[in-house]
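Please build the complex by placing chain W on the supplied structure of chain Y, with the hints as guidance.
2 protein chains.
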Amino acid sequence: MIKEKIKQAVEILKGKDIDMWLTFVRESSLIPDPMIDITVGTHSTWQTAYIITKYGDTIAIAGSLDVANIKAYGYYKDVIGYVESIKEPLLRILDKIKPNKIAINFSTDTVIADGLTHGMYLSLMRYLEGTGYEDKIISSERIISALRGRKSKTEIKYIKEAIVETLRIFDKVSKFIKPGKTEQEVANYILNLVRKTKLETAWDEKQCPAVFSGPESAGAHAEPTKRKIQGGHILNIDFGVRKNGYCSDLQRTWYIRRKGEKTVPKEVHKGFNVIIEAIARAAEALKAGVQGYEIDAIARDYITSQGYKEYPHALGHQIGRSAHDGGGLLCPKWDRYGNLPYEKVETGQVYTLEPRLTVEGYGIATVEEIVLVTDSGCKFLSKPQKQIWVI
Amino acid sequence: MIKEKIKQAVEILKGKDIDMWLTFVRESSLIPDPMIDITVGTHSTWQTAYIITKYGDTIAIAGSLDVANIKAYGYYKDVIGYVESIKEPLLRILDKIKPNKIAINFSTDTVIADGLTHGMYLSLMRYLEGTGYEDKIISSERIISALRGRKSKTEIKYIKEAIVETLRIFDKVSKFIKPGKTEQEVANYILNLVRKTKLETAWDEKQCPAVFSGPESAGAHAEPTKRKIQGGHILNIDFGVRKNGYCSDLQRTWYIRRKGEKTVPKEVHKGFNVIIEAIARAAEALKAGVQGYEIDAIARDYITSQGYKEYPHALGHQIGRSAHDGGGLLCPKWDRYGNLPYEKVETGQVYTLEPRLTVEGYGIATVEEIVLVTDSGCKFLSKPQKQIWVI
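Sequences listed follow chains Y and W, in order. Under the numbering used here, the first residue of the first sequence is numbered 161, with each subsequent residue one higher. Under the numbering used here, the first residue of the second sequence is numbered 161, with each subsequent residue one higher.
If we strip away everything but chain Y, and leave its shape as in the complex, we get (with noise of 0.2 Å):
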C-alpha cells in the first residue's frame, strides 16, 4: 500500500510539476503528521526528513539511530544518517536536485495536510536562511488532496468491508436497544461486538460509537452518557470501525415507541424523510468537476425549504485511512472551511453525506451514508436507510 502511494505521489508531482515534497517531522508517535500512515509506515525519533521527487527519487535523512528501522522498511532507497545535525545532509541532498518548489505539509484549511508543526516549520527556515531554498516552498496540500483523495481498487475494497462491519453491528444494536438501558449501554454493547471481531473503531473510542437519544441530548460529537432511552425519544448513532487501516464512518436512527403507540409519529416521520431526500437530491447531482458548496447548498436548502433549521456542520466528507479524510469537503462557504468549498469533485474519492435536523420534542434524525464518485455520477457504497427503525 506504501509502495503503491509513493509512486502515485511521484505521478501527482510530475501532474502538478512540483520538483520535490518533504515530510519533516520528529518524534512521530507523540506528534504524528497524518502522512506518516501513506508514504512513511513507521515512527523516527529525531528530526527526520522524508523526500519524494517527481523524478522517483525516494530519500530519507535521519537521525543514526533511526537509520536501521527505515532501511528496514525498504520504502526509501536512500537512507542518510546524521548524528549531530540534519542540516548538512539536508542541504546536500537539496543541492544535488536543486528543487524549482518545495512542497511541505502545511495548510489552514486541510487538516490532513496540516502535520509540520510551527516549530519544525522554524528549524527548517533556519537550516534554508541564505540557501535561497527558503523562497522556494510551498504548501503540499494539493499534492495530498489527491493522494488521499484518489482511492485505489484496493482502497475502495477495504472502505467497503469496513462499511459491511459495521452494518453488521448495526442489526445487532437494533436488537439490543430497549427503553430504559443507558446510552453508555448501547455504546459498551457496540465496543464489546468491535473487540470481539478484532477490530478498531474509526476513531477515539470515548466518542464512538457516540450514541444520542432523546431530545435534550447533544446531538453529535459527545460521549454516550447515563441517559435512559425512553419511548418516544429518536435515537441516533454514529459509528465506524477501521478494517485493513480503512475507516467507515455511517449514522443510523431509530425512533422508540411509546407504550401503545402503534406507528411513529407524523413529526418523526416527516423529519426521518425529509433526511432520506436530502441525502438523495445530493447523491443525485454528486459527480467529477462540481464543487463541494454546490452539493452542501442540494441539501441544505431542501432542508430549510421543509421548514427546519440548516445543519450546523459540512454536508459531507472524505473518508479513507481516517475517518476525515482528503482535502475537497461539502461544505458550505463559511469562513471555517477556507477553501474548502470550491475544491472540484474527483473520480475515485469517497464522501459521506450525513444532513441531520431536530425534530423538536423528540432528538435528532441524522442518517450517514457512504458514496464513491465515479466519472458519471456516484455509486453508494453503504447500504442506505430508507426508512426509520422502530424499537
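Hints are not guaranteed to be accurate.
Where chains are identical, the list cannot tell them apart; a pair therefore holds if satisfied intra-copy or between any two copies.
Stated by the list, open to error - Within a straight-line C-alpha distance of at most 25 Å, the following computed PhoX-like cross-link-like pairs (lysine-lysine) qualify:
id, residue 1, residue 2
1, Lys237, Lys422
2, Lys317, Lys356
3, Lys332, Lys419
4, Lys163, Lys386
5, Lys341, Lys231
6, Lys543, Lys356
7, Lys504, Lys258
It should be emphasised that the hints constitute simulated quantities derived from the structure, not laboratory data.
Chain W alone, transformed into the frame defined by chain Y:
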C-alpha cells in the same frame, strides 16, 4: 489529574508572569497536541481555543457541536460555541482579558511543547492581524517544561507502578530467552504478557519492546527481526508500559552463553560494567540546579576514557505521560538538541539514564534506569541492574 494540572498551570503562569496560555487545535484526535492529555482530556473537531490565564480563568471556544462534550468534562468554566468562525469570539475574549503575553504551543527544541501545526499558526495570525495581539505571542515551552517536568506525588506513584510491571515482565522474559528463538518471538512473548495484564506499551507496539540480539543487530530504534538468538550474543531489550496513563522506559542486557561456556567473556563483562559505572557516576552528580549537558558529559567521558566510542544520543530524557516527556534533557551540546543541554534540572523531574556501548563481535550493552530528582540529589525509582543476566 487534569484539574490538578490546570491548577498547577495557573501557578506556573503567575510565577512566570505570563497572562494567558492558549492551546489552539482542530481534529485533535488526528493531529494531537500533546497538551490535550494534560490540560484538556478530550478531543474536538473544529478549531478550538483552550485558554488558561494567570488569573485562574479557564475558557474554551469551540465549534457548536463540540460544546456539549467539553462542558460534560467540566474542566473549563466558560465554554463558548461558534458556528461560522472562531475569530469573533476569540477576539472578544482577548479584548476582555487584554493579555500582555499569549503563550502558544510551538518550540524548535522541546517536542512536547510543539503541538501547534504551522497551518494553525497561520490561521491564528490571520485572526490576530491588526489587533496588536499578534505581537504578544510567545512560546509556551517554559510553561510546558515546568508543567510536565514537575511531577506530583500521584504522578510519581503512577510511574513507579509502571516500572514495577515492567521489571516483572523482564523477570519472566529471562526464562523465555533461549538460543534459536528469534527477536520477534521474544517481542511477541512480551506483547502477550502486556495484553494479558491489560496494560498498554509505552510507545508504538512495533518498537516496544525493541529486542536486539548479537553484533549485527540495529541496536536501537528498530523493530524486532527474524534474527535468531545465538550463543555469544549480547541481547538487549528496550521496553516500557503505560499504566494509569503514565509510562516506564527501561533497558536490560543479557548474555547468551555459547555451548560449554562457563563464564561471561572478559570483553562482555568489561563493557557491561562500564555501563553500570557510567550510570552510577551520572546519578551521583544529578541534582536540582545542574545543567543537563554536565550530567551527560560525566557518563560520556567515562565511556570514552575506557576505550569505547561515545553513544550517539542523549544520556537521558524525562518520562511521564509519554515515554519522552518534559523539556530538559541530559544531552550533549549538539545542534540537534538546541537549548535543551543548557536547561537546569529541577526537583520533581523524572529522568532515564541510558548510556550504551558496543562490545565488538558480541552486541550492544545498554542499561536504562529511571531516577527522580530531589533537592539534594536523585533517587532510583527502578531497581538497578547490577549484573549482566546470563542465559
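Hints, verified against the model:
no. : hint            : result
1   : Lys237 x Lys422 : neither (67 Å within a copy, 45 Å between copies)
2   : Lys317 x Lys356 : within (22 Å within a copy, 33 Å between copies)
3   : Lys332 x Lys419 : within (23 Å within a copy, 59 Å between copies)
4   : Lys163 x Lys386 : between (46 Å within a copy, 22 Å between copies)
5   : Lys341 x Lys231 : between (52 Å within a copy, 23 Å between copies)
6   : Lys543 x Lys356 : within (24 Å within a copy, 38 Å between copies)
7   : Lys504 x Lys258 : neither (32 Å within a copy, 42 Å between copies)
Consistency note: the structure conflicts with the earlier hints numbered 1 and 7.
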